[in-house]
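Peer 1: Chains as they are written, first to last, in the UniProt record's numbering: chain X, 1 to 167; chain D, 1 to 607.
Read the hints as simulated data drawn from the structure, not as lab findings. Glycine included, C-beta positions come from ideal geometry on N, C-alpha and C. Hints may contain errors.
Chain X is faced by these chain D residues, among others (derived, beta-carbon under 7 Å) [said to hold, decoys possible]:
1. 182
2. 183
3. 248
4. 251
5. 366
6. 398
7. 569
8. 583
9. 584
10. 592
Read off the chains here:
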Amino acid sequence: MAGSAVRRLLAEYKQLTLNPPEGIIAGPIDEDNFFEWEALITGPEGTCFEGGVFPAKLIFPRDYPLSPPKMQFTCEMFHPNIYSDGRVCISILHAPGDDPMGYESSAERWSPVQSVEKILLSVVSMLAEPNDESGANVDAAKMWRENRDEFNKIAERIVRRTLGIPA
Amino acid sequence: MPLSRFDRVPLPNLKTYTFLSVLALSGCVYFAKEAIKDPDWNIQDKVQHQNSRQRDETFNISSANDTSDSERSLKQWVSDMSAVMTREPICVWVLINMAICWLILVGRCIQRMVFGDLRVSEHQHLKDKFWNFVFYKFIFVFGVINVQYVEEVLLWCSWFALLGFLQLIAQLAKDRFEYLSFSASTPIWSHVKLMGLLTGIFVISSFMLLVAIFVGYFIGFNTFAFMSAEVILLSIRTLHVILRYGLHLYDIRTEDASGVNPTSPSGSEKVWEKRGPITYYTELVFELSALSIDFLHHIHMLLWSNIFLSMASLVICMQLRYLFQEMQRRIKKHRNYLWVRNHLEQNYPMASSEELSENSDNCAICWENMDCARKLPCGHLFHNTCLQSWLEQDTSCPTCRFALSIQNPSSSRMDAPPHDLQQDNQQPIRRELNHFFHFDGSRYVSWLPSFFVEVRPPQLMRTSDVQNSQLDAMGRQVQQLFPNLPLSTIVDDLRNTRSVEVTIENVLDGRLVAPSIFHERNDHASSPSSSTVLPQSSVPSPSAPSSSSSTRWEAANPVETEDNVAGRFSKSPEERERILHKRMEHLIQTARKRYIDKQHSSTETHS
Numbered sequence: 001m002a003g004s005a006v007r008r009l010l011a012e013y014k015q016l017t018l019n020p021p022e023g024i025i026a027g028p029i030d031e032d033n034f035f036e037w038e039a040l041i042t043g044p045e046g047t048c049f050e051g052g053v054f055p056a057k058l059i060f061p062r063d064y065p066l067s068p069p070k071m072q073f074t075c076e077m078f079h080p081n082i083y084s085d086g087r088v089c090i091s092i093l094h095a096p097g098d099d100p101m102g103y104e105s106s107a108e109r110w111s112p113v114q115s116v117e118k119i120l121l122s123v124v125s126m127l128a129e130p131n132d133e134s135g136a137n138v139d140a141a142k143m144w145r146e147n148r149d150e151f152n153k154i155a156e157r158i159v160r161r162t163l164g165i166p167a
Numbered sequence: 001m002p003l004s005r006f007d008r009v010p011l012p013n014l015k016t017y018t019f020l021s022v023l024a025l026s027g028c029v030y031f032a033k034e035a036i037k038d039p040d041w042n043i044q045d046k047v048q049h050q051n052s053r054q055r056d057e058t059f060n061i062s063s064a065n066d067t068s069d070s071e072r073s074l075k076q077w078v079s080d081m082s083a084v085m086t087r088e089p090i091c092v093w094v095l096i097n098m099a100i101c102w103l104i105l106v107g108r109c110i111q112r113m114v115f116g117d118l119r120v121s122e123h124q125h126l127k128d129k130f131w132n133f134v135f136y137k138f139i140f141v142f143g144v145i146n147v148q149y150v151e152e153v154l155l156w157c158s159w160f161a162l163l164g165f166l167q168l169i170a171q172l173a174k175d176r177f178e179y180l181s182f183s184a185s186t187p188i189w190s191h192v193k194l195m196g197l198l199t200g201i202f203v204i205s206s207f208m209l210l211v212a213i214f215v216g217y218f219i220g221f222n223t224f225a226f227m228s229a230e231v232i233l234l235s236i237r238t239l240h241v242i243l244r245y246g247l248h249l250y251d252i253r254t255e256d257a258s259g260v261n262p263t264s265p266s267g268s269e270k271v272w273e274k275r276g277p278i279t280y281y282t283e284l285v286f287e288l289s290a291l292s293i294d295f296l297h298h299i300h301m302l303l304w305s306n307i308f309l310s311m312a313s314l315v316i317c318m319q320l321r322y323l324f325q326e327m328q329r330r331i332k333k334h335r336n337y338l339w340v341r342n343h344l345e346q347n348y349p350m351a352s353s354e355e356l357s358e359n360s361d362n363c364a365i366c367w368e369n370m371d372c373a374r375k376l377p378c379g380h381l382f383h384n385t386c387l388q389s390w391l392e393q394d395t396s397c398p399t400c401r402f403a404l405s406i407q408n409p410s411s412s413r414m415d416a417p418p419h420d421l422q423q424d425n426q427q428p429i430r431r432e433l434n435h436f437f438h439f440d441g442s443r444y445v446s447w448l449p450s451f452f453v454e455v456r457p458p459q460l461m462r463t464s465d466v467q468n469s470q471l472d473a474m475g476r477q478v479q480q481l482f483p484n485l486p487l488s489t490i491v492d493d494l495r496n497t498r499s500v501e502v503t504i505e506n507v508l509d510g511r512l513v514a515p516s517i518f519h520e521r522n523d524h525a526s527s528p529s530s531s532t533v534l535p536q537s538s539v540p541s542p543s544a545p546s547s548s549s550s551t552r553w554e555a556a557n558p559v560e561t562e563d564n565v566a567g568r569f570s571k572s573p574e575e576r577e578r579i580l581h582k583r584m585e586h587l588i589q590t591a592r593k594r595y596i597d598k599q600h601s602s603t604e605t606h607s
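Here chain X stands alone, though its shape is the one from the complex (with noise of 0.2 Å):
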């Protein structure tokens, strides 16, 4: 099993290398392990997360493609769809059997033919429009619903903070 999950991570480690979407990287961090990836995600433009550039790891099952990987910011992050420990709650990351907040429609999850790129993009998607049906974070929810100015301050501050530029 993990023969064939280390074959199609290194098809797709490749393709991202040749082909990188704009503002994301993505790799293995040590290749001894290649269920553990680091990436790179550039907060888009046009939203409060704009210019950030925002560390995550990846961690694949070993029967991948088959489960989703698990992701999980490294850097503090405030967002609606992201828990306080950095984990991403999006739906292209549950696997087709759970749905833990019972709102999703199995369309919009995992399947193998969903990959590493897919799931960042969606990522990147994510952070310019918030999901706040999904409460992964309640406070950043309902902040990001009543008092949105508050939100673009804190978002402020996490870029600036990952570009490591004080305040």
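Please arrange chain D on chain X, whose structure you already have, making use of the hints.
Peer 2: Using the frame of chain X, we list chain D on its own:
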């Protein structure tokens, strides 16, 4: 399997242990030497052992001894020495201790030669397996066999010492194989070493099986069954790992072949199609036979021990229950497999060659070339094996989500082993863990050891939810001291150490570090001026067109531009790692520059 773990029991390290063992041995040798200096040593013994004998007889022997004393040959000296030492109980124990010490040293040598440094999880597995084994064999020797004589205990102990040693090495080899299979590029030499070790274990265990048959022939069927069950289990497991390893190496080889030659000959692809079922059935046969032998072994122990209401039989019963459930689960999974396979064959035809040539894409599941494929009603093509493993867990087309009319009455999704639960561990997660004893000494007094005995599947490093909350609490305690470490890292380490103090020590000694990205952030934060290192041209200024800026940047630093490194995918893993790192750094620096520039321009427009 009951697992007793004695954490933080102060065990001496190997050096002191070896030293003490050698010291004890030399003490014994000295004692024996002194003993045989006395010419009467044999008589006293004879007197003790043969009280009823007459005095004159012993005198005769004594005189005979006297005469031969001076020309005692070296051979005789050695035999006398060993005679003395085997007679003295303390010496016997010292000798056994020495043998164990020797075994540990051999193990350490093998570890040095084959494995190098052990990873944390391997270390933990080893420790678990060891205590598990000791606990279990203790129950076996004293609870099941009910040994009467010291000699019997000795024989069993030495048998189990050897067996346990082999089992530990086999476990280590299995762990290492699984770790190596994570990597796309491992030097062939480490594969050879590991394969050699596994074959060695297999050969030794076959030899031990012969010994068991030999012993069983003279002593009886029961002893034979007890001895051989364990050995057969060991050889089956080893053989399983060897076969898996072989298949994995085959995988890697085909990967290399297809990497060199993208249009690989269709022969290998055909084998690939057959490979799926082969792997599956070897897996099934080995798992089921190992489980059933284990099961029979335990039933045998239970029936033979004759003590139905003892701690030993309780432990065996719990183990039996676990084994039974495992077997049931495996069979259910197999039924599901067969069902899906039949369904595939009956309902979805193989794609014709025209359809294949029309659809030049790779298989969407494994991203590899398709030579033969199955066609779903919605028109999408996939490899047979890929489709099979997907349909075992879901019932829709992976590409378009077209719902396939699969209604498997025998096993719904809940019954089938859910793949999403098999995340970083191949084994499924068993939710209920039977703790039957837990003692956390460090809660009361810091030097008390903490240990617990629990029933859980072997080789499973998952902790229960209850423990997770406890771990989280401990993790937060550590995090208060080291706020820059992410909680997940701390909890991961705590899962191994189970002690706040040890984890703190790990952090302080640098064994536990935050993910590299944290360091990078901190570095940048502490030195905001580092951006000046970059040539100004690397960032497209608002006035200059970006194309010219990028060419200038290339000229300044021809190797390390993003454009340049992004354009190629190196063959060497080290270079790939380096390029990835460079690209990441470059992305961050560019973003920083852009951000600062933007801020400048906005402040300028404001003023």
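Peer 1: Against chain X, with CB atoms and a cut of 7 Å, does the hint on residue 251/D hold up?
Peer 2: For residue 251/D, the interface hint holds, since the closest Cβ of chain X sits about 3 Å away, which is under 7 Å.
Peer 1: Should the hint that residue 366/D touches chain X count as held when the rule is a Cβ pair under 7 Å?
Peer 2: holds (6 Å)
Peer 1: Hint check: is the beta carbon of residue 583/D less than 7 Å from a beta carbon of chain X?
Peer 2: holds (5 Å)
Peer 1: Hint validation: residue 569/D versus chain X, beta carbon distance must be below 7 Å. Holds or violated?
Peer 2: Holds, about 5 Å.
Peer 1: Are residue 182/D and chain X close enough, Cβ to Cβ, to be under 7 Å, as the hint says?
Peer 2: This interface hint holds because 5 Å falls under the 7 Å limit.
Peer 1: Identify whether the interface hint at residue 183/D stands, where standing means a beta carbon of chain X within less than 7 Å of its own.
Peer 2: holds (5 Å)
Peer 1: Hint check: is the beta carbon of residue 248/D less than 7 Å from a beta carbon of chain X?
Peer 2: Result: holds, 5 Å to nearest chain X Cβ.
Peer 1: Given a cut of 7 Å on the nearest C-beta pair, is the interface hint for residue 584/D held or broken against chain X?
Peer 2: holds (5 Å)
Peer 1: Holds or violated: residue 592/D as interface residue toward chain X, Cβ cutoff 7 Å?
Peer 2: holds (5 Å)
Peer 1: Is the hint on residue 398/D kept, meaning its closest Cβ partner in chain X is under 7 Å away?
Peer 2: holds (4 Å)
Violated hints for the displayed structure: none, as all numbered hints are satisfied.
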